[in-house]
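Asks: Residue numbers (the working numbering), protein chains in the order written: chain A, 1 to 294; chain B, 295 to 585.
These are calculated hints, taken from the structure and not from any lab test. Glycine included, each C-beta is placed from N, C-alpha and C at the ideal position. A couple of the hints might just be wrong.
[Unchecked claim] Straight-line distance between alpha carbons at most 25 angstroms, and here's what the computed BS3-like set of lysine-lysine pairs gives: (1) B:Lys-391 / B:Lys-334; (2) B:Lys-391 / B:Lys-299; (3) A:Lys-237 / A:Lys-146; (4) B:Lys-490 / B:Lys-394; (5) A:Lys-285 / B:Lys-391; (6) B:Lys-334 / A:Lys-146; (7) A:Lys-285 / B:Lys-394; (8) A:Lys-146 / B:Lys-338.
[Claimed, not checked] Quick list of simulated restraints, FRET-style, between CB atoms: (9) A:Ile-278 / B:Glu-437: 41 to 49 angstroms; (10) A:Lys-55 / B:Glu-473: 34 to 42 angstroms; (11) A:Asn-281 / B:Pro-532: 26 to 34 angstroms.
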Amino acid sequence: MSTQTILEQDKARRVRADKRTSLSTFLLNSLLAVWAAIVIFPMLWLLYTSFKTDKEIFFSPWSLPAALQWDNYQRAWVDAHIGEYFANSFIVVLPSLALILILSTMTAYILARFPFPGNRAIFYLFLAGMLFPVFLALIPLFFLVKDLGMLSSYHGLILVYTAYSLPFSVFFMTGFFRTLPSELHESAIIDGANQYQVFFRIMLPLAQAGLISIGIFNFLGMWNQYLLPLVLMTNAKQYLLTQGLAYMLVQQYYQNDWSALFAAVGMIMVPTLVVYIIFQNQIQKGITVGALKG
Amino acid sequence: MYRNKYRIIIPFLAPSLLLYITFVLYPYASAMYISLTRWKGLTKAPEFIGLENFARMLGDDNFWNALGNNGVYIVVLPVITLGIALFFAFVLTQGVKYAKFHRVTYFFPQVMSVVAIGVLWSFVFHPTIGFLSSLLRLLGVAEPPVWLGNPDTVIGSLSLVTIWQAVGFYMVLFIASMESVPDTYYEAAKLDGASKWHIFWNITMPLIWDTFQTAVIFIMIGSTNMFAITQTMTGGGPSRSSEVLSTYLYGEAFLGSKFGYGTAMAVTLFFITLIISTVLTRILRRDSLEY
């Protein structure tokens, strides 16, 4: 065999291998595109359907709207009270979030930096809260909130949200404060700062990255929470967004205003999508942080 | 440095401890007691009946039906979801085109509330307005299934929605873990002529094992819940065929005023999650690899 033929055979083999890899690359890319379509299409369909009339929705599920029915959004926002549900969700979630961030950092800071008898016991007490499913507490919690006269009240739900977010937030922030160098603390005290100044001026700014993670994690968790408001907010005027949407779905069996219901989901989905696209990295980190607690 | 430390310890700990003990620990503890009582709520005090609620559960067909459905989810959801998630995570860390776009897209359903997703998919599955049935008719299926209205297809349909939502989440979790594997391992394997298949099983999987274990436990415990999606999409129907423990106990307690019985089921649910996580931790434990 001459050198020439060996080179040719080698070349042919490489071409065959290239063909094979390019075929498998093509298959892989198609598979990825298919899943992307499976994720995107239902949402895209919902969005353009939300601009159709009820008649179009029923008789041609696939077609684009003949004219944009902005009125659907108007009806969802006003008549179906989606606007009020949005406001109710903000009224509950924002104060809860502020409370969680303040209380969990204060608690975590003490547990991470101050040795005192009972420190470990309190840390494990908080940790225990992550073991139990919320369902276990649900029925006693309902009666507790009722006995405290806080059923169907915003402040009741705020306290409950805060309490149930504490275990993970305290656990996460304790780990965070443990990594901060203690020299900072010592030198600040030597310079004459008191303990409060050390916490608010030095430690809290250093914990910013951790605060962002648990902030996103808790915000989304509470914003999307369904079970607790379902049990604790029994007055339709105070329904949160998830509850209001579920309620609207049930109502459709009697009212048949499908286009407004499509619009309601659309107006919940679009802001979420916009915020997600802007903060995708932090949000992905913030949500997955919860799975790392195991 | 710790002079007068209790002046900061007490005010910093007291509020959160008070909230936590009142709203979290106290209800958990009293659930254990309430599960041993008969209780109609409202005026009457709970009446202690020992283990009667648990005995009643054993003979309750609806309880077993709900538990059986949870059982299906516990097996089906982890296998399919984690299988797809692992596959995509591996592919997307091997330098394909548009990896970032796919990653961002796949994850998005995780950000939406389960209720919004439930409403969206009940449109998709709807026999007249949904696009799925008309697509199938277009493809020549004369009578497309009534997805959520038929006991034979309802569990599969709900699984599909749950998988659709969860794949991106687990994929991102696996990608984070895979990206921390040093490149040198992959380069060495490639020089030895290892196939992608071998690389995945012999390098990637052992090195991300801890994350995988966490994911299995996480998704299985999620499968014991399934409340929001079931409640919004089917309410447990048709005729209880998609009922799960959580929707059944919610209905028994808050719609049927059987608070003792409902709590007993919640206690059972808790022990099931406890058993799953301890057993799985045992089974999946391997010596973790240092790198």
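Asks: Does Lys-299 (chain B) lie within 25 angstroms of Lys-391 (chain B) when you go C-alpha to C-alpha?
Replies: Given that 25 angstroms is the threshold and the Cα spacing comes to 56 angstroms, the pair is violated.
Asks: Is the gap between the beta carbons of Asn-281 (chain A) and Pro-532 (chain B) within 26 to 34 angstroms?
Replies: violated, 43 angstroms
Asks: Has the given pair, Lys-490 (chain B) with Lys-394 (chain B), been kept, meaning a C-alpha gap of at most 25 angstroms?
Replies: This hinted pair holds, its Cα atoms lying about 21 angstroms apart.
Asks: Taking the beta carbons of Lys-55 (chain A) and Glu-473 (chain B), is their distance inside 34 to 42 angstroms?
Replies: violated, 51 angstroms
Asks: Starting from Lys-237 (chain A), check that the Cα of Lys-146 (chain A) is at most 25 angstroms away, please.
Replies: holds, 18 angstroms
Asks: Lying within 41 to 49 angstroms: is that true of the beta-carbon distance Ile-278 (chain A) to Glu-437 (chain B)?
Replies: Holds: the Cβ-Cβ distance is about 45 angstroms, inside 41 to 49 angstroms.
Asks: Are Lys-334 (chain B) and Lys-146 (chain A) close enough, with their CA atoms no more than 25 angstroms apart?
Replies: Holds, at roughly 15 angstroms.
Asks: Would you mind confirming whether the straight-line C-alpha gap from Lys-391 (chain B) to Lys-334 (chain B) stays at or under 25 angstroms?
Replies: Cα-Cα ~61 angstroms, so violated.
Asks: Is Lys-285 (chain A) close enough to Lys-394 (chain B), meaning Cα to Cα at most 25 angstroms?
Replies: holds, 15 angstroms
Asks: Are Lys-285 (chain A) and Lys-391 (chain B) close enough, with their CA atoms no more than 25 angstroms apart?
Replies: Holds: Lys-285 (chain A) and Lys-391 (chain B) sit about 23 angstroms apart, inside 25 angstroms.
Asks: Decide if the proposed pair is consistent with the structure: Lys-146 (chain A) and Lys-338 (chain B), CA atoms, cutoff 25 angstroms inclusive.
Replies: Holds, at about 15 angstroms.
Consistency with the previously given hints fails for numbers 1, 2, 10, 11, ordered from lowest to highest.
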